[in-house]
Structure formats: structure tokens, C-alpha cells
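**Student:** Here the protein sequences line up with chains A and B, keeping their order. The opening residue of the first sequence carries number 1 in the UniProt record's numbering; numbering runs sequentially from there. The opening residue of the second sequence carries number 1 in the UniProt record's numbering; numbering runs sequentially from there.
Each hint should be verified, as a subset may be incorrect.
Same chains, same label: a pair holds when it works inside one copy or across any pair of copies.
Derived pair list, reagent style EDC-like, types lysine to aspartate or glutamate, alpha-carbon separation capped at 20 angstroms [claimed, not checked]: (1) Lys146 - Glu82; (2) Lys146 - Glu131; (3) Lys155 - Glu82; (4) Lys155 - Asp200; (5) Lys223 - Glu174; (6) Lys189 - Asp72; (7) Lys155 - Glu131; (8) Lys189 - Glu157; (9) Lys155 - Glu180; (10) Lys146 - Asp110.
Everything labelled a hint here was simulated from the structure, so no lab data went into it.
2 protein chains.
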Amino acid sequence: MFAAMNNIEDLHQRPIVSVDLAIFALTPDGLEVLLARRGVEPFTGHWALPGGWIHVDEDESLEAAARRVLSDKTGVAAPYFEQVGVFGDAARDPRGWSLSVTYMALIMPDAVILQHGGNVTDAAWHPIAGEATAQPLAFDHAAILKTAITRLRNKVEYTTLPVHLLPEAFTLSELQAVYERLLGRLLDKSAFRKRIAEVDFIVPIVGEMRRASNRPAQLYRLKQARSTVFFDRTI
Amino acid sequence: MFAAMNNIEDLHQRPIVSVDLAIFALTPDGLEVLLARRGVEPFTGHWALPGGWIHVDEDESLEAAARRVLSDKTGVAAPYFEQVGVFGDAARDPRGWSLSVTYMALIMPDAVILQHGGNVTDAAWHPIAGEATAQPLAFDHAAILKTAITRLRNKVEYTTLPVHLLPEAFTLSELQAVYERLLGRLLDKSAFRKRIAEVDFIVPIVGEMRRASNRPAQLYRLKQARSTVFFDRTI
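Please model the entire structure based on the sequences and the hints provided.
**Tutor:** This is how it looks when you write it as C-alpha cells:
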């Protein structure tokens, strides 16, 4: 009934473990994900989620490894960062039984300087259509990306997550536009403003207006910097 | 900027990976978690979340490993089973850099025959008070258990998850009692019944009543067996 409990002594019984990142940004073209083109086997020439190994010998934590990969590829820290899940089996990597710990990051694309090097020959933003990119991805990254996109959209429905994609001061129209572009559907303006007022997570910045083409619009900021508030119903 | 990408060739760079389970059940005493007492180092004599290694040489998937541990310890399959997260760093296990992939299971305690053997000297249900058990736990299992309890309670607020702890046919009072015992607070009866009607996930079983002390109560079943429906607001 009980399997041998001591196979960690056999190093060949240890899985390959990577951290992989679904790094999302809203660009003028919509929701995009950062992909890296592999320069080495397996899957040479394929696009993949950016990833790396854990620096076990440096006592690096799992999340530190993921944040290091993000910083290496983009030069920025993410205002929003969370673990999406773990994907592990014998088939996903031809090198052996492997496990991907996947994180999701939301970043503002303006500040990003895409980096590549080492075993990566290119890095680029790729548009998301539905729950996928146009290119086939290496390993099981298409399935992992689909999980991350679903998680992102679910969170957008129920939380203030989209504010992480706005500058510190923003108008209500800008806030609504971010929700709409992330969800891929239009929202009713008056219903949206009613929900935002109910949730009570932003405050007007006294005396700060943005000049638009017709009339000035009030600027708002978060009540609590960079926190994510859960709604009690969908947006 | 880029670390060496090939350290999977060095087996000593591979982390120790375990699957661990927070197995919850509602007993007459409330919400309880199944713990196993360790018979080996490290943490000999301490209670811990049940866990095991992945059978990498048998091409076992991550989820299959977690389900095997559940079956080994309880003799049952779980009607509700999900990944809680991954916990990894250099400090959590004195044997080396290690990673726990943690799953959460909800089971009905009636059918369970607790098993122990191998490196475990005892297995027992332990009551949960707040977000912890009375005993100190091995490794970082107290922190992992806290995360699992928070996840469970959040899901109870927003989903039909508690039906997994009921028999196939149940009354509305029984349904409400399960929500209340999982949340640790009482719910208003008419508001609860209004929400349940709105979500529309159960149907009356025609002609089936349960005889209570005063008057018969209608029995219900799920519209879709063992599915979990998300609400658009809290219960």
C-alpha cells in the first residue's frame, strides 16, 4: 500500500523543475503575452513562455526565481504577480519527468526593454486571440497559457486587478477601457460607474483634471496603492 | 544577465519534490483535517499533512501522484480535489532545497478508513480552530494548511463547493448547515434560500421527502452531478 518513502536519495528520481512566466501587457493592439524563441533543443526555433531554472545552490526561493526571470527578460518588476499553478508529467519534456511552476505577471509595456540571450534567440509581444497565440508553442505551453488567460479574465471579472495596468492617476473612462480590453467586451458606462462607486477603491485627486477633446475629466487614484480588491459580484 | 540554462544536467541541482494533501472533512465536531504522524526524520513524532513522492520512473503525473496519496491514506477518492499551490525554498526541509505541490481534497468522512504504514505511525482527524490545528506541524505545513483553509473558505463564499460534502439527496436545511459549518458563521434562512434559487443549481426530487420531527422536508439533488458552480456574489 505504501511506496518506498526514501527515493529522494536517488537523484535520478528527482524531477526537472522550471519556473515559467505568462507575462501579460495591454498594448495599443490589445492583450499581449511575452514569448521567447528557443535557440536550443528541445523545440529549437519554437516560441515559448519565458522561463528558467531555480538557483538551488544559491538557496533562491521559488518566487525569487520567477521574479529573476521576469527581470532578466523585461528589465522591470511587475505590479501584479501571482502563481498560476504547477504542471507536471512524464510527457511534457523529452528530457525527462518535468514540472513547470508557472507564474502570471501583469506589466505596463512602456517601461519594458525586452532582453534575450543565452538559449533564447528572440523575444517579442504576441497578440492573444481567444485563449491562444497564433504560433504553436513549445512543450505544453499552449495549455499553460490557456490556464493563465482564463485565470486573468476570471480575476478581471471579480477584482480591481486592471488598475495595475494604469498609471497612478487615471480617469474613469480609462479605467473602463482597461476592463473592456482585458475582457474583450464592452461594458455599460452607468452600470460600470455604479459598481466602481460601490466597491469604493478609488478616490478623486483634488484639483487634478485631464483635458480631453470636449471637457476636462476628473483624475482618480487608488485608495490603497497597488492593492487588489475583490468584488462581491462581477463587474 | 542570463544564468546557465543547462543545470538540469547536474542532478544535484534538482529540487526534492513532494505532493502533500490538505484533506478536509466535516465531522460532527466541525471542519477537520487529516494529519499523519511522522515515524522518521526529519520531524519524527510531529504531525504533518499526508504526502508522498512522485513515481517518476512509472511516468506518474503530478495529479495521479496526489490522488494515489489520498487513496493510500483514506481508501476513498475525493468528490472535490484541486491544486492549492506550490511551496519551495531552501529552508523548509533540512534534507535540501525542496518543493511541495499541495492539493486540497474534500471528502465525506463516513466512508474513510484511515490507513497508516511506512514512515507514518498514526493518522487522525484534527479539528481546525481559526486557520490552524492545535498541534505544531512538521516542515512549513502550518503555513501551507493556512493557505488551504483560506482557499477553502473563499470558495465556499462564492461557489457550490459545499454540496460535495452532502449525500446525493439533501434538504435545504442540510445544505445551509454545511455552508454554515464551513464558514463558521450562521446565515439568514430566507436570504440563503433566495441566493440558492438564483443560482439554480439544485432541483427537487419529485415525491421524495425526508421525515423530520415536525413536518416532511423536500429532498433536492444537483442539476449536474458533482459540478461546482460559481456565484456572481457571496452566498
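**Student:** Up to 20 angstroms between alpha-carbons, please classify Lys155 paired with Glu131: within, between, both or neither.
**Tutor:** This pair counts as within: shortest intra-copy Cα distance 15 angstroms, inter-copy 24 angstroms.
**Student:** Quick one: Lys155 to Asp200, C-alpha cut-off 20 angstroms, is that within a copy, between copies, both, or neither?
**Tutor:** Within one copy, since 18 angstroms is at most 20 angstroms while 23 angstroms is not.
**Student:** Measure nothing new, just compare the shortest in-copy and cross-copy C-alpha distances for Lys146 and Asp110 to 20 angstroms and report within, between, both or neither.
**Tutor:** Classified as neither: same-chain Cα gap 25 angstroms, cross-chain 38 angstroms, threshold 20 angstroms.
**Student:** I want to check one pair: Lys189 and Asp72. Are their C-alpha atoms no more than 20 angstroms apart within a copy, between two copies, both, or neither?
**Tutor:** neither (40 angstroms within a copy, 54 angstroms between copies)
**Student:** First find the shortest C-alpha distance between Lys223 and Glu174 inside one copy, then the shortest across copies, and answer within, between, both or neither for a cut-off of 20 angstroms.
**Tutor:** Answer is within; shortest intra-copy Cα gap is 17 angstroms, inter-copy 41 angstroms.
**Student:** Please sort Lys189 with Glu157 into within, between, both or neither, judging by C-alpha distance up to 20 angstroms.
**Tutor:** within (16 angstroms within a copy, 28 angstroms between copies)
**Student:** Treating 20 angstroms as the Cα threshold, decide for Lys155 and Glu82: within, between, both or neither.
**Tutor:** both (11 angstroms within a copy, 18 angstroms between copies)
**Student:** For the identical chains here, do Lys146 and Glu131 meet the 20 angstroms Cα criterion within one copy, between copies, both, or neither?
**Tutor:** within (5 angstroms within a copy, 32 angstroms between copies)
**Student:** What label fits Lys146 with Glu82 when the C-alpha limit is 20 angstroms: within, between, both, or neither?
**Tutor:** both (16 angstroms within a copy, 18 angstroms between copies)
**Student:** Evaluate Lys155 and Glu180 at a C-alpha cut-off of 20 angstroms and name the case that applies: within, between, both or neither.
**Tutor:** within (13 angstroms within a copy, 26 angstroms between copies)
Violated hints, in rising order: 6 and 10; the structure is consistent with all others.
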